[in-house]
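Enquirer: Knowing the structure of chain A, use the given hints to seat chain U on it.
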Amino acid sequence: MKMFFVPEADRRLIPASGVRGPVPLLIAIMTFVMVVVAAAGLALANTASVVKAGVEDRYSIQIVDGSGKAAAAIAAARSAPGIARVEQVPPEDLRRTLERWLGPAGAEADLPLPVIIDVDLAPGAKAGTVARRIEQAVPGARFVAHRTSLAPLLDALNGLTMLAFGLVLLIGLASAAAVVLAARGALDTHRSTIEVMHGIGATDEQVATLFLRQIGIDALLGGISGAVVAGLILAAILGGASFATSLAGAPPIGWGDAAMLALMPLAVALLATLVARGALLRALRDRL
Amino acid sequence: MDKQQCSSLGKAARAVPQQGSGEGSVRLAGSIVEFDRVGLRYGTGAEVLRDLDFRLGEGGFYFLTGPSGAGKTSLLKLLYLAQRPTRGRMSLFGDELAHAPREALPGYRRRIGVVFQDFRLIRHLSAFDNVALPLRIAGRAEADVEGPVREMLAWVGLADRASARPPTLSGGEQQRVAIARAVIARPELVIADEPTGNVDAAMAQRILHLLTAMNRLGTTVIVATHDLGLIAATPGAQLIRLENGVLVDPTGALRHPPGGHRS
Numbered sequence: 032m033k034m035f036f037v038p039e040a041d042r043r044l045i046p047a048s049g050v051r052g053p054v055p056l057l058i059a060i061m062t063f064v065m066v067v068v069a070a071a072g073l074a075l076a077n078t079a080s081v082v083k084a085g086v087e088d089r090y091s092i093q094i095v096d097g098s099g100k101a102a103a104a105i106a107a108a109r110s111a112p113g114i115a116r117v118e119q120v121p122p123e124d125l126r127r128t129l130e131r132w133l134g135p136a137g138a139e140a141d142l143p144l145p146v147i148i149d150v151d152l153a154p155g156a157k158a159g160t161v162a163r164r165i166e167q168a169v170p171g172a173r174f175v176a177h178r179t180s181l182a183p184l185l186d187a188l189n190g191l192t193m194l195a196f197g198l199v200l201l202i203g204l205a206s207a208a209a210v211v212l213a214a215r216g217a218l219d220t221h222r223s224t225i226e227v228m229h230g231i232g233a234t235d236e237q238v239a240t241l242f243l244r245q246i247g248i249d250a251l252l253g254g255i256s257g258a259v260v261a262g263l264i265l266a267a268i269l270g271g272a273s274f275a276t277s278l279a280g281a282p283p284i285g286w287g288d289a290a291m292l293a294l295m296p297l298a299v300a301l302l303a304t305l306v307a308r309g310a311l312l313r314a315l316r317d318r319l
Numbered sequence: 002m003d004k005q006q007c008s009s010l011g012k013a014a015r016a017v018p019q020q021g022s023g024e025g026s027v028r029l030a031g032s033i034v035e036f037d038r039v040g041l042r043y044g045t046g047a048e049v050l051r052d053l054d055f056r057l058g059e060g061g062f063y064f065l066t067g068p069s070g071a072g073k074t075s076l077l078k079l080l081y082l083a084q085r086p087t088r089g090r091m092s093l094f095g096d097e098l099a100h101a102p103r104e105a106l107p108g109y110r111r112r113i114g115v116v117f118q119d120f121r122l123i124r125h126l127s128a129f130d131n132v133a134l135p136l137r138i139a140g141r142a143e144a145d146v147e148g149p150v151r152e153m154l155a156w157v158g159l160a161d162r163a164s165a166r167p168p169t170l171s172g173g174e175q176q177r178v179a180i181a182r183a184v185i186a187r188p189e190l191v192i193a194d195e196p197t198g199n200v201d202a203a204m205a206q207r208i209l210h211l212l213t214a215m216n217r218l219g220t221t222v223i224v225a226t227h228d229l230g231l232i233a234a235t236p237g238a239q240l241i242r243l244e245n246g247v248l249v250d251p252t253g254a255l256r257h258p259p260g261g262h263r264s
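Sequences listed follow chains A and U, in order. Last residue of the first sequence: number 319 in the working numbering, and the count goes up by one each step with no gaps. Last residue of the second sequence: number 264 in the working numbering, and the count goes up by one each step with no gaps.
Careful: at least some of the hints might be erroneous.
[Said to hold, decoys possible] As a list, the in silico SDA-like pairs of lysine to any residue whose alpha-carbon atoms are at most 25 Å apart: (1) Lys100/A / Ser110/A; (2) Lys78/U / Ala314/A; (3) Lys78/U / Asp317/A; (4) Lys78/U / Ala163/U; (5) Lys78/U / Leu312/A.
[Stated by the list, open to error] Stretches of chain U that chain A covers, calculated by requiring three or more beta carbons in the stretch to come under 8 Å of a beta carbon on chain A: (6) 99 to 109; (7) 133 to 140.
Bear in mind the hints are in silico, worked out from the structure with no lab data behind them. Predicted model, so just to flag it, every value in this text is computed and none were measured. By construction, the Cβ of each residue, glycine as well, lies at the ideal position given by its N, Cα and C atoms.
Next up, chain A with everything else stripped away, as it sits in the complex (with noise of 0.2 Å):
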């Protein structure tokens, strides 16, 4: 943070213009696409944990062929320890879903329909053990887990989330990109002056500490900039259109999140900064 103090005196030997220019913008907007894309990748994560949560004691009792044997798993299922619900789904369900799939054809009462029953698992119980006891009380019954049938989901979920994530890893290493061929050249506009101070005994740090105070100004007014407009983006999103709450049924950005999203352009600004020192310093070391 000392380097945000450097004197007047000091200040006036690099002037502002040497470095400024596209830097800002750039950083503005690598900031602005990494707090929304993170944002996406935060609602992605939160999501799946909740659809995940949702399904985690949840199973269904499957009988391909036979009405007249679900009175049987019920009753099995309920004489399981740790059960907490058992139901039955409504035929007129299977139906209707049918019909969506199939069309008119689907809701023929003579088409066979398979028996689905749910059961919740009070959490600790052994769904091994009720599997066992359907099976013998209906052999040919599956018994089968939620999480199992969601699981192409959940990993669509999760490596989008990772997708969303290496995004973010990418920008920040473009902007790091950016801010170093940005110190490179503010070195060149002020090759003079660094031979002079380099003639009179300055250190590569003391130059170095001239340049970082208006790189790290840049970056972090850029990255406040970025982050404002995306911020008020994606308030408009998620406060207008409450969409994956209801699918999720939780808020996809918790405040948790948002005060990381928050805190993407200090990040940002103190990326910048020290890749910036490093290249600084890397250069002015090719020099006598």
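Expert: Frame of chain A, contents of chain U only:
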């Protein structure tokens, strides 16, 4: 401006190691500069300096002369540590610096004041800030900068031009700012490349007077010049003459200066 404020350059300056008695260095009693078979070439070209072998005593006044292209500027670059020799040993202030780590050089450079022929003033800084630069780099508190700088500017006759920037100054004024900057931190070694090249006779006399006054106070002075009048006006000064990159020292006085023995 806060007078009590210490510049950030100054804060960083404290990290510079103290120079002068490095381990393994060879100290020469009375020698501030010692060259031992020093050669210099740029890239893969021919050597521009060959087998330079001389010692300069502490507190001496030296004129570096020679025709254009003789290697004077290259020798000065070696002396103010803008260039390393490609062969040989070179010691300054008693320390071998030909192979010294790069981080050690700023500490030595602060002990040298340089007046460049092309002045090398920072164009966007005022004359005051240009002169103050060595003090700020060395870590002098801002409160201790203004007085000496104003005094120095007054001495070189530029008290009323303190806030002027170099492009608005004449060649002679720029030269005086460059001289003020070179001597403001009271360096142990002053190196001046044609310091009177752009000033009138009266100012040349004044500059010479400043350099001789500093020399009397113990500063070693090396002046590269073609001005024979300047040399004639400085009794007691020694000549270093270069021709085609080779030192002309027929008497051996530069190789074996009086009192310059190894300790």
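Enquirer: Are the hints correct? Go through all of them and say.
Expert: Going down the list of hints, with the structure as the test:
no.: 1; hint: Lys100/A / Ser110/A; in the structure: holds, 16 Å
no.: 2; hint: Lys78/U / Ala314/A; in the structure: holds, 21 Å
no.: 3; hint: Lys78/U / Asp317/A; in the structure: holds, 17 Å
no.: 4; hint: Lys78/U / Ala163/U; in the structure: violated, 29 Å
no.: 5; hint: Lys78/U / Leu312/A; in the structure: holds, 23 Å
no.: 6; hint: 99 to 109; in the structure: holds (count 6)
no.: 7; hint: 133 to 140; in the structure: holds (count 6)
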